[in-house]
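Trainee: Sequence:
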Amino acid sequence: MTLYDRAPAQRWTTSPRRRFAILLASALALALLPVDWSRPLRRLVDDALRPGQVATTRAAETIDGGLARLRGLLSSSQRYAELERQLDELRTRNAQLQATALMLAEQDSNELNSLPPVKPTASLVTARLMQARVIGQHLQSLVRDEATLDLGTAAGLRDGAWAIDANGCLIDQGAQSLLRRGELVLAGRRVLGKISQAGTYTSHVQRPTGAGYRDLVQLAYRQDKRLTLGPRGVLEGTGEPLCRVRMVPVTESVSVGDILLTAGSEGIASSGLLYGEVVRVERPAGASHWEIWMRPAANGRWPDEVAVVTAVVNEQRVSPLAASEAAAMKGQR
Numbered sequence: 000m001t002l003y004d005r006a007p008a009q010r011w012t013t014s015p016r017r018r019f020a021i022l023l024a025s026a027l028a029l030a031l032l033p034v035d036w037s038r039p040l041r042r043l044v045d046d047a048l049r050p051g052q053v054a055t056t057r058a059a060e061t062i063d064g065g066l067a068r069l070r071g072l073l074s075s076s077q078r079y080a081e082l083e084r085q086l087d088e089l090r091t092r093n094a095q096l097q098a099t100a101l102m103l104a105e106q107d108s109n110e111l112n113s114l115p116p117v118k119p120t121a122s123l124v125t126a127r128l129m130q131a132r133v134i135g136q137h138l139q140s141l142v143r144d145e146a147t148l149d150l151g152t153a154a155g156l157r158d159g160a161w162a163i164d165a166n167g168c169l170i171d172q173g174a175q176s177l178l179r180r181g182e183l184v185l186a187g188r189r190v191l192g193k194i195s196q197a198g199t200y201t202s203h204v205q206r207p208t209g210a211g212y213r214d215l216v217q218l219a220y221r222q223d224k225r226l227t228l229g230p231r232g233v234l235e236g237t238g239e240p241l242c243r244v245r246m247v248p249v250t251e252s253v254s255v256g257d258i259l260l261t262a263g264s265e266g267i268a269s270s271g272l273l274y275g276e277v278v279r280v281e282r283p284a285g286a287s288h289w290e291i292w293m294r295p296a297a298n299g300r301w302p303d304e305v306a307v308v309t310a311v312v313n314e315q316r317v318s319p320l321a322a323s324e325a326a327a328m329k330g331q332r
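Take the sequence shown: its position 175, counted from the start at 1, is 174 in numbering that gives the first Met the number 0, and no numbers get skipped.
Hints are supplied without guarantee of correctness; some may be wrong.
No farther apart than 20 Å at their CA atoms in a straight line, the calculated lysine to any residue pairs in the SDA-like style are these [to be verified]: (1) Lys224 x Ser254; (2) Lys224 x Leu272; (3) Lys118 x Gln315; (4) Lys118 x Asn313; (5) Lys224 x Arg179; (6) Lys224 x Gln196; (7) Lys224 x Glu276; (8) Lys224 x Tyr200; (9) Lys118 x Arg316; (10) Lys224 x Leu273; (11) Lys224 x Ser195; (12) Lys118 x Ala296; (13) Lys224 x Ser252; (14) Lys224 x Ile258; (15) Lys224 x Val277; (16) Lys224 x Gly181.
Here are the simulated distance ranges between beta carbons [unchecked claim]: (17) Arg180 x Arg316: 24 to 30 Å; (18) Leu228 x Arg282: 17 to 23 Å; (19) Pro230 x Pro302: 30 to 36 Å; (20) Glu88 x Pro248: 39 to 45 Å.
Think of the hints as simulated: they come from the structure by calculation, not from any bench. Every value quoted in this text rests on a predicted model; they were computed, and no experiment measured them. Beta carbons: idealized from backbone N, C-alpha and C, even for Gly.
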């Protein structure tokens, strides 16, 4: 036999309105209670609600992060689709360009094949090596009179002025042999210098180290047992044991041990002759060109015989009369 029926109490407490009334009454009671009495109860309520608050905050952060990643994935997917479209367009364009290039190459090949063969011709001006002998100090006494030496008193030349020294020597060929100022003088493939003055029978040779000496040169370096050409520059004599090379941009690669060759600007087979080796490379602050110092390859005593690179008119291209006139004009320069 049941002494107490719990059903009415359960219905009263489970009713939403009654629950709200209970919570409201509890809140009013807490508000009306003194602070010292309500503080422990409030702490108890805060401690009871804190796990739920933390869980709610973390859930909100997780949801926000997931939404951000989802938006990023959607954006990446759209960007990927756009990139795929652009790639397809580029592939199509590349195929069109390849087809056009192939067609143009075939046209060029057909046009070249339809041209008649090129007829080889001889060069109008050719290079010639002329042998000359170095005249020493004692031999100069045999050609001391001006009629034979004939380098000209107008240039300030005096008796004995062209004796062999560190920067120059006298050779036994001159304007009578069609030599002229500026022509290279060689010992093998090494450059000894240039003719600085040409008389009738003799000429003076200046070394690259002599003050005022200038020439166009080309740097080169050895790579895999092959010689690779580099930039060009201007070689200058300073009167010192080393020559200076200027006008080589700092954007070019230059190293100690590189070699310097004649640049052959006149196109008469004077390119590829050895001037010397780079021994020092400097870059002044703020400069746009290297300061390069070269040791000449032919830097010892003067040899007994040398070779002069001289330009001559190709006799096969002109008549004998025209060839003699050209030689006479060259001798007058």
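Trainee: All hints are to be evaluated individually against the structure, with a verdict given for each.
Mentor: To see whether the hints hold, each was checked on the structure:
A hinted pair counts as satisfied when its Cα atoms are at most 20 Å apart, and Lys224 with Ser254 qualifies at roughly 17 Å. A C-alpha spacing of about 18 Å is found between Lys224 and Leu272, which places the hinted pair at or below 20 Å, so the restraint holds. Taking the CA atoms of Lys118 and Gln315, the gap is about 16 Å. The hint holds against a cut of 20 Å. Taking the CA atoms of Lys118 and Asn313, the gap is about 18 Å. The hint holds against a cut of 20 Å.
At most 20 Å may separate the alpha-carbon atoms for a hinted pair to count; Lys224 and Arg179 exceed this at roughly 37 Å. Of the supplied pair hints, the one linking Lys224 and Gln196 is violated, its CA atoms being roughly 40 Å apart against a limit of 20 Å. For the given pair, Lys224 sits about 17 Å from Glu276 by alpha-carbon distance, which is consistent with the 20 Å threshold. The hinted pair formed by Lys224 and Tyr200 fails the criterion: a straight-line CA distance of about 44 Å is larger than 20 Å.
Restraint check: the Cα-Cα separation between Lys118 and Arg316 comes to about 15 Å, which is no more than 20 Å; the hinted pair holds. Our distance criterion of 20 Å between C-alpha atoms is met by Lys224 and Leu273, whose separation comes to about 17 Å. With a C-alpha separation of about 36 Å, the suggested pair Lys224 and Ser195 falls outside the 20 Å cut-off, and the hint is violated. Note on Lys118 and Ala296: the hinted pairing is violated, with a Cα-Cα distance of about 40 Å set against a maximum of 20 Å.
This hinted pair checks out: Lys224 and Ser252 have alpha carbons roughly 18 Å apart, not beyond 20 Å. Between Lys224 and Ile258, the direct Cα distance comes to roughly 14 Å. Compliance with the 20 Å bound is thereby established for this hinted pair. Only pairs whose Cα atoms come within 20 Å are accepted, and Lys224 paired with Val277 is accepted, the gap being roughly 19 Å. Distance restraint check for Lys224 and Gly181: the Cα-Cα separation of roughly 33 Å exceeds the 20 Å cut-off, and the hinted pair is therefore not satisfied.
The hinted window of 24 to 30 Å between Arg180 and Arg316 holds, with their beta carbons roughly 25 Å apart. Here the CB-CB span from Leu228 to Arg282 is close to 22 Å, well matched to the stated 17 to 23 Å. Roughly 31 Å separates the CB atoms of Pro230 and Pro302, a value that falls within the hinted 30 to 36 Å. Distance hint for Glu88 and Pro248: a CB-CB separation of about 40 Å, consistent with the stated range 39 to 45 Å.
Of the numbered hints given earlier, the model fails hints 5, 6, 8, 11, 12 and 16; all others are met.
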